[in-house]
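Heads up: the sequence lines are chains V and R, in that order.
Residue 471 is where the first sequence starts when you use the working numbering, and the numbers rise one by one after that.
Residue 471 is where the second sequence starts when you use the working numbering, and the numbers rise one by one after that.
A few of these clues could be false.
Where chains are identical, the list cannot tell them apart; a pair therefore holds if satisfied intra-copy or between any two copies.
[Stated by the list, open to error] In silico DSBU-like pairs for lysine-lysine, Cα to Cα no more than 30 Å straight-line:
| hint | residue 1 | residue 2 |
| --- | --- | --- |
| 1 | Lys-475 | Lys-805 |
| 2 | Lys-801 | Lys-695 |
| 3 | Lys-475 | Lys-517 |
| 4 | Lys-928 | Lys-475 |
| 5 | Lys-928 | Lys-801 |
| 6 | Lys-801 | Lys-789 |
| 7 | Lys-942 | Lys-1016 |
| 8 | Lys-650 | Lys-805 |
| 9 | Lys-715 | Lys-801 |
None of these hints come from the bench; they were simulated from the model.
Predicted, not measured: the structure shown is a model, and the values here were computed from it.
Number of protein chains: 2
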Amino acid sequence: MPTYKAPVEDVLFLLNDVFHIERYNNLPGFAEASPDLVEAILGEAAKFCEEVLSPLNRVGDAEGCTRHDDASVTTPKGFKEAYRQLTDGGWIGISAPVEFGGQGLPAVMTEIVNEFLCSANMAFAMYSLLTQGAISALYVHGSPEQKAMYLPPMIAGKWTGTMNLTEAHCGTDLGQLRSKAVAQPDGSYRITGTKIFISAGEHDLAENIVHLVLARIEGAPAGVKGISLFVVPKFLPNPDGTLGKRNGVSCGSIEEKMGIHGNSTCVMNYDGAIGWLVGEANRGLNAMFTMMNGARLGVGVQGLAQSEVAYQNAAAYAKERLQGRSLSGAKFPDKAADPIIVHPDVRRTLLSIRSFNEAARAFVVCTALQADVVHRAEDDAARRTADDYMGLMTPVIKGVLTDTGFANAVMAQQVFGGHGYTRESGMEQFVRDARIAMIYEGANGIQALDLVGRKLGKDGGRAVMAFFAEVKGFLDEHAEVQALQPHLGPLGESFGHLQQATMWFMQNALSNPDNAGAGATDYMHLFGLVVLGYMWVRMVAAAQQKLAAGADGATQRLDAKLVAARFYMDRMLPETAAQLARIQSGAASTMALPAEAF
Amino acid sequence: MPTYKAPVEDVLFLLNDVFHIERYNNLPGFAEASPDLVEAILGEAAKFCEEVLSPLNRVGDAEGCTRHDDASVTTPKGFKEAYRQLTDGGWIGISAPVEFGGQGLPAVMTEIVNEFLCSANMAFAMYSLLTQGAISALYVHGSPEQKAMYLPPMIAGKWTGTMNLTEAHCGTDLGQLRSKAVAQPDGSYRITGTKIFISAGEHDLAENIVHLVLARIEGAPAGVKGISLFVVPKFLPNPDGTLGKRNGVSCGSIEEKMGIHGNSTCVMNYDGAIGWLVGEANRGLNAMFTMMNGARLGVGVQGLAQSEVAYQNAAAYAKERLQGRSLSGAKFPDKAADPIIVHPDVRRTLLSIRSFNEAARAFVVCTALQADVVHRAEDDAARRTADDYMGLMTPVIKGVLTDTGFANAVMAQQVFGGHGYTRESGMEQFVRDARIAMIYEGANGIQALDLVGRKLGKDGGRAVMAFFAEVKGFLDEHAEVQALQPHLGPLGESFGHLQQATMWFMQNALSNPDNAGAGATDYMHLFGLVVLGYMWVRMVAAAQQKLAAGADGATQRLDAKLVAARFYMDRMLPETAAQLARIQSGAASTMALPAEAF
């Protein structure tokens, strides 16, 4: 049975020593997040995740969700009680606006807590993650009446949210969608159509479910410019917020899928369901992207989360499992065999995962702080810079953290040998659950194309130039710090590869866009490796400072950071040379075959 | 519902045009394998796999195997009838010795047919693969009486075989095993112990099951030098070959696992079961390795097989699924969208898989031909050279083909977007089934260590030097062939990386074996990339010759080979530079952390 321990100390190191959260105290909600409060909140979240959610993870996988003949859906045993504890703890709304019942704390707190939730039980966490996404979309695009009606119960978790985009014939290409909305004299709409892959579409955890649905208003233009966003509650709320009659939306079936069985992934049938327009007509995709960008960061966190919990269990197993002897002679001659942690290949596996996890967590914290700046800063320039950063990094976080998170779950499973292939170990569940994160909220190929095709060139390359300047600034500033040189050298080289790849696209993609498309995935991962390398040097600098200042009981933990950083430079960064070479090989061999030859 | 089409034409190209199977006609069984007969056999195998086994693949996954209260096991619906067709076709024994009822055809034929079987239905194919392994072990190590008793019904498929190594506390480290054997006055033994992860341990397909079991004879030395191999039939055969009484071996439970649900993976309880020694006492590991080496080649084939069937279905989907528009403008403006095969990232995905599959198939054919030389050549030097090659390449085939095969199944699944995550698409089954191949018959970390720690240095490096000389010979010989230069350049560079990495181990691993351990997995994959690159240049040379000679209807297929080869050089080989860098970074950062810091 897998276990989980939330990495609270690692998070506190990031918040306090690396990113200096106190520097953001000018933003609303930050001053309230005093170091003591942050530590207390994370401690509570950790306890809930470790003791309540983690033991339910296998139950949820084994039992799954059940749709009954009346189209109602039951979640796995224990989920209802755990959900009650989640809402009692106020975890859904810790960063939500105070005026609607949230706690108004920094968004970075939510991302951190979401990592813990997803490590402990990803299928369970999705119920609240979707709700948070729907809250964001309604908060930004909803009318004052809609906000007053929907946000308080959603922030409290009494009502949950969903996002309804995909139809059987269109996922990525939403311009093809067919669900239609017919205007009614009272200003409402009647929505008809079938949506698939709707996470948390129907369940028994909350008293109401608020569906955000993309549909085309009768007579609207074809393509993406004719899509509108609607709010379609399962139960129509009365003006006083109590629940009225059942709306014409129901779960047609639950998808049988590879993993996240504890989350009900539904086919949702809209049969003249009553809905109300959110934001402007025909601007629905725009509104949905508010939700999607937050969701993409959240999905990146899921990749990290599965990688983290898989690491923890693999490391524990490697320290316990006695098998074979160290290459350099028995380390525990009195035992039947050495624990497999003595083997370099097992350590290589574990350190590959860990050196990703810690840097990815830094990347998430760093990005979430920028999200706070976007949403809370008064200064236009600061907001713009942060928004540039978010736009650039969203596809990198989503694509790289989920691809690597999945690969890491696979590697962690491998540490268990044959036992990792059994259900009992729980390791194969991490693999199956992690797999979806590479797909939903925009498959990773789409993330790569978003990065290369849209984000790089946006505003004359302002965002990417700003990031390059930041990295270069760090390298220059620390060029004389001897202790950092072993790390800065490899980072500088990989950063050079990233700059060359970027230049290559500028020179070769305009004339032939396929050159960008063929190199997009490699570029996204090259970008990710450099960002994570940059996170590592920032962590190393902070750790070295802290060690120099006398780190009290944290010496071993900080020393381990230095080793993991060194491993990252030795073993992860060399990949960037290969990525650059692949990008520079261009699209010729990729595009040469006629379609029928595949 | 996934489909499958056996790559018969590709195999014929390899046998006839690349490896010139007629050159082996001096070996027993080869002359009989005339081109016409080979084509007919492959056609029959293809038909059986495509029409009978492939449609059963999802059935097997969904239904799994069932253990009943009387410890009997039922296989999924349809498996019994399919198995009857398998034995009626004589497929288990096509390469088995004629004297025991086999057809005596080259072993390469068996490996090719096994690829087809495993693509169509890996869980089903394992019943016969295990039997083939047991046949090999008994043929080499069994007494004349044992061979006469067991081989004919096993070759006919009336009886199946298993291999029983793993116990709960020991898998890789067999020296720890506890199953014991007590000698009886009649020369038999009584075997007692519990074995886990026993594929095909109990089922309803055959009338008897022949278990090959590792156990320790009472009083034998501790460790691997006290392990013996026993044959323990489920039903004790009477001298006339009819079945006698039930032996004391039974299935305690079926493992719940991630995939290959159609195969019964059993906990087997030996409770004073009657068995007979196979080969010499205390030399059981040696005998089992006869079985393991063949099995490792076979498991490598499973990796290729899953990659192939996943490719075929992803390519078909990419040509059908309409989503978005080509980056260079709509290709099918009259349709709602272009098929996703227009997108460079989808093509990159497909070509990454395909350029592996075709080269991996060449590698399998090439290696299986060497296996034939080992077992059939009269010339000692030829046998020795082939045996060197087999020893060196076995871990590479097993490790690289299964790691990459799994990664490819994941990539193919990704082409389907959200649909790939559903059970319905069948793509996620390929991923779950492929996953086991990285683990069983020696986890891939063990393969890497076998390569680096044992095979490289064996006999003064004779095997690896011979392979290097062969590659260098090819490069030199074709240095003036203009049409090959675009391929030979990248291969030469990667080959240089492999030579440097080998040299680095020679200089750094003796003083510190952890330097070999830390680089072993990278080295195995570096080796694999170079071998597959070498396979590609051989295929390109053959294709170019054939095209020059006028290829009749095969022009498009051969042109596609040239493109896939070019893609391999552009996109796959750059990785070798990164692998070399990782290897040369040594073990320092890998070994620095104390165990408790993980």
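Each hint tested on the structure:
1. Lys-475 with Lys-805: So Lys-475 and Lys-805 pass the 30 Å test inside one copy only (28 Å; across, 52 Å).
2. Lys-801 with Lys-695: Close across copies (21 Å), not inside one copy (67 Å); limit 30 Å.
3. Lys-475 with Lys-517: within (9 Å within a copy, 53 Å between copies)
4. Lys-928 with Lys-475: neither (41 Å within a copy, 45 Å between copies)
5. Lys-928 with Lys-801: between (56 Å within a copy, 26 Å between copies)
6. Lys-801 with Lys-789: within (12 Å within a copy, 56 Å between copies)
7. Lys-942 with Lys-1016: Close inside one copy (24 Å), not across copies (54 Å); limit 30 Å.
8. Lys-650 with Lys-805: between (69 Å within a copy, 21 Å between copies)
9. Lys-715 with Lys-801: For Lys-715 and Lys-801, neither the intra-copy (70 Å) nor the inter-copy (48 Å) Cα distance is at most 30 Å.
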